[in-house]
Amino acid sequence: MIMRLKDCHNFSDFRKLAKLKLPSPIFHYIDGAADDEITYARNTSAFDDVDLVPNVLRGVENVDLSTTIFGKKLDLPFYLSPTALQRLFHYDGERAVGKAAKKFNTMFGVSALATVSVEEISSMIDTPKMFQFYFHKDRGLNDSCLERAKAAKFDVMALTVDTITGGNRERDLRTGFTSPPKLTLSSLFSFATKPMWGINYLTKGKFELPHLQDFVKEGTSTNSSIGNYFSTMLDQSMNWKDAEKLCSQWGGHFALKGVMSVEDAKRAVDIGCTGIMVSNHGGRQLDGSRSPFDQLAEIVDAVGDKLDVICEGGIHRGTHMLKALSLGAKACSGGRLYLYALAAGGQAGVERAIEKYKSELVRDMKLMGCTKISDLNRDNLRFRRT
Amino acid sequence: MSLKNCYNFEDFRKLAKKKLPSPIFHYIDGGSDDESTLRRNTDSFNECDLVPNILASVGKPDLSTTLFGRKIDMPIFLSPAAMQRLYHPDGDKASARAAEKFGTFYSMSSMGNNSIEEISNISSGPKLFQLYVHKDRSISDDLIDRSRRSGFDAMCLTVDTLVAGNREKDHRTGFTTPPKLTLQSLISFAMRPNWVFNYLTGKKFELSNVKKKTDKGTSIAKSVIEYINEQYDPAMGWKDAEYCAKKWNGPFALKGVMSVEDAKRAIDIGCTAIMISNHGGRQLDGSRSPFDQVKAISDAVGDKLEIILDGGVRRGTHVLKALAAGAKACSFGKMFLFSLAAGGQKGVEHLLQNMHDEINRNMVLMGCKNLKELNSSKLIYRSRS
Ligand SMILES: Cc1cc2nc3c(=O)[nH]c(=O)nc-3n(C[C@H](O)[C@H](O)[C@H](O)COP(=O)(O)O)c2cc1C
Ligand SMILES: Cc1cc2nc3c(=O)[nH]c(=O)nc-3n(C[C@H](O)[C@H](O)[C@H](O)COP(=O)(O)O)c2cc1C
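Those sequence lines, one after another, are chains D and Z.
Those letters in the first sequence? Residues 35 to 420, by this note's numbering.
Those letters in the second sequence? Residues 995 to 1379, by this note's numbering.
In short, the hints are calculated from the structure, not lab data.
Where hints are given, some of them may not hold.
[Stated by the list, open to error] Chain D stretches covered by chain Z per the calculated footprint, using a threshold of three residues with CB under 8 Å from any CB of chain Z:
no., segment
1, 117–128
2, 193–206
3, 265–277
4, 315–323
[Claimed, not checked] Okay, derived cross-link-like pairs now, DSSO-like style, lysine-lysine, Cα gap no bigger than 27 Å in a straight line:
no., chain 1, residue 1, chain 2, residue 2
5, D, Lys137, D, Lys390
6, D, Lys275, Z, Lys1054
7, D, Lys279, Z, Lys1363
8, Z, Lys1322, D, Lys300
9, D, Lys279, Z, Lys1054
10, D, Lys107, D, Lys275
11, Z, Lys1363, D, Lys275
12, Z, Lys1366, D, Lys300
13, D, Lys406, D, Lys390
14, D, Lys40, D, Lys228
15, Z, Lys1241, Z, Lys1013
16, Z, Lys1366, D, Lys275
17, D, Lys400, D, Lys40
18, Z, Lys1322, Z, Lys1054
19, D, Lys300, Z, Lys1197
20, D, Lys171, Z, Lys1054
21, D, Lys133, D, Lys406
22, D, Lys187, D, Lys275
23, D, Lys136, D, Lys55
24, D, Lys171, Z, Lys1363
Built from N, CA and C at the ideal position, the CB exists for glycine as well.
Looking at chain D on its own, in the form it has when it is part of the complex (with noise of 0.2 Å):
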């Protein structure tokens, strides 16, 4: 049984212990994704469809993970998606996974559900920073988003482009999960028996959205769902003359967050973004669509060379990562391979979570026979059924 961070080796450890420290509706709100979950399940297991084949006798003493997007060098290839409500999570939130990023010198993404202020990130960590923005109806809110973000000098902004409407979340419908959490009488229950996690969310500061509160209730107190929040909130009418706009309004490295098709990428391309995000949301809006790492090579091949492709999502194992890599990939990002660390143990959790990958990667690059990671590629890769 996992009680401690230091029983976690691994992703289904983190989220073991995650189990075990969370409220269940809060639980569930990271652990679940949309309808049956399919898509959430074929994100991770698209990677085994595929095999490594080291190289051997090439020296491999000294390891480089470092990669460059949006213009940044990053020490590791992979960084941390931005989510929302990490105070949910853990008390500190935001800022345990903020100074963690800073640590190991990885791009940190903050979404625009973010529960610490773009303001005090940037005031805490000098290193990559990325805002997830949400195409709201409000454009007011939209304006003040894009100002603060860059008042806060971050590096890149991600429109996200896959939540258009409320995924079918069923474990959220059964669960009751709402935000801020509200007490009925079916997760009162779940909520007492988590009792340090009930004392660390009522005694470590306001719970807010400091992104949205002026300017809707949602951002505030009254409960609301996060489908909701997408149905009622954001704009559905968003199309690609409001991405392009808003990229120039950005005026800096601008990325889709979402883009699946091909065809997709390459108007990314046409209203000048620098990146792209291969995601479905981490399973959690339309079940049954396709999974960033079968979708990867078909993007890098047609815009591989024009923007930075990630490939987002359904990341357990540096060897994943490698995969991705090999494909084409310039970096992975993934939620839920530090959210669950987040819950264990806020920063030392992150950390630990971080060092866990970083550790596996170069155990890993050193096997496949590669000292950076420009030395992965295609030929590295055979896929069983062709």
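With the hints as your guide, set chain Z with the ligands onto chain D.
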């Protein structure tokens, strides 16, 4: 567990299981032999993936289409299913009313417990009549005439039930219709007193559409297997199907077509549609699943016939995949029968609302404004790529 907690197929199934005596639940739930086709019908959807388009400013997608000459509000409808009064006292009436409310087809089985006339009195929504060719041809003729007189829009002839499938669950539970109380089923019925009360106090159980023509329609306890083997004509051939299509002289489908060759022949005999189906895995176990076969059939005859995918559909995304592979619409049996058992008309409405919302949501996530935009470019098969 209540209706409002039913979010998906499995939820309705569980609630139905709680409400129904076990022989009846298993009659719906079971398939033939080892049920490998039954499972494959749904699993087959998981070997290909949807590829969405972003920033498509979809707004509110249009889910309507036309089928059998009628406009329907969404591309799904209720498959014909026998003896619905076993599942809920309101039987076919509940299903027909719910379908009408959602602007789509209700289908009536030849083995329905409500008469053609009764249903046409309560619903002006789109209606499909499902025909079996009986050994006594005057039974089939009578059903065709009455369906026309009662304003049914379309007819389908089921061609995969020449003999009964080997449904081992029914052997074990001793399922007969009307239900016969054996010692072994007695306990199960006794534990569902509500069901028994409704069954005994409601209208007399009968196969209303065939009762005048055959005493098998009334009160002799028969297993469905025996009924099918006794009444339906295993010598039915293309000529018989053509005869029915001509006699009906309106939108006409064969239900249970699986091969490309047969799909082509369906055009020749005057069909306007086919239902690709293996009877929900209840007949030939080991046969191909509708979704595995739909693309080949649609490539061959999709411009000449309306193609309906019947079987295995449990999710809005399954419908999207079927349409992207070339189907015009999907139909389902078990899913709505469980919802019927779970809550009568309200149950079926709850299911149709869920499915509507799923299709709507997923169309938005796919970036599709209408069903036509769901074409083969939106679908990638993993193993064939
Ligand atoms: C709990 C949770 C919250 C998330 N919140 C956001 C968000 O606010 N904005 C966003 O663009 N993506 C969000 N995502 C999606 C992640 O950015 C990322 O796409 C996803 O987690 C990748 O899949 P993985 O968890 O398998 O790595 C969230 C994901 C999770 C698990
Ligand atoms: C309980 C039950 C009774 C059925 N009765 C009939 C019937 O009388 N006539 C017919 O053509 N099909 C009948 N079917 C088959 C359905 O019309 C349909 O082909 C099948 O249920 C589709 O598979 P699905 O249940 O996976 O959706 C029946 C199916 C079930 C489950």
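Hints, verified against the model:
no., hint, verdict
1, 117–128, "violated (count 0)"
2, 193–206, "holds (count 8)"
3, 265–277, "holds (count 7)"
4, 315–323, "holds (count 5)"
5, D:Lys137 - D:Lys390, "holds (14 Å)"
6, D:Lys275 - Z:Lys1054, "holds (19 Å)"
7, D:Lys279 - Z:Lys1363, "holds (23 Å)"
8, Z:Lys1322 - D:Lys300, "violated (31 Å)"
9, D:Lys279 - Z:Lys1054, "holds (23 Å)"
10, D:Lys107 - D:Lys275, "violated (31 Å)"
11, Z:Lys1363 - D:Lys275, "holds (18 Å)"
12, Z:Lys1366 - D:Lys300, "holds (23 Å)"
13, D:Lys406 - D:Lys390, "holds (19 Å)"
14, D:Lys40 - D:Lys228, "holds (21 Å)"
15, Z:Lys1241 - Z:Lys1013, "violated (41 Å)"
16, Z:Lys1366 - D:Lys275, "holds (24 Å)"
17, D:Lys400 - D:Lys40, "holds (25 Å)"
18, Z:Lys1322 - Z:Lys1054, "holds (20 Å)"
19, D:Lys300 - Z:Lys1197, "violated (64 Å)"
20, D:Lys171 - Z:Lys1054, "holds (15 Å)"
21, D:Lys133 - D:Lys406, "holds (26 Å)"
22, D:Lys187 - D:Lys275, "holds (25 Å)"
23, D:Lys136 - D:Lys55, "holds (25 Å)"
24, D:Lys171 - Z:Lys1363, "holds (20 Å)"
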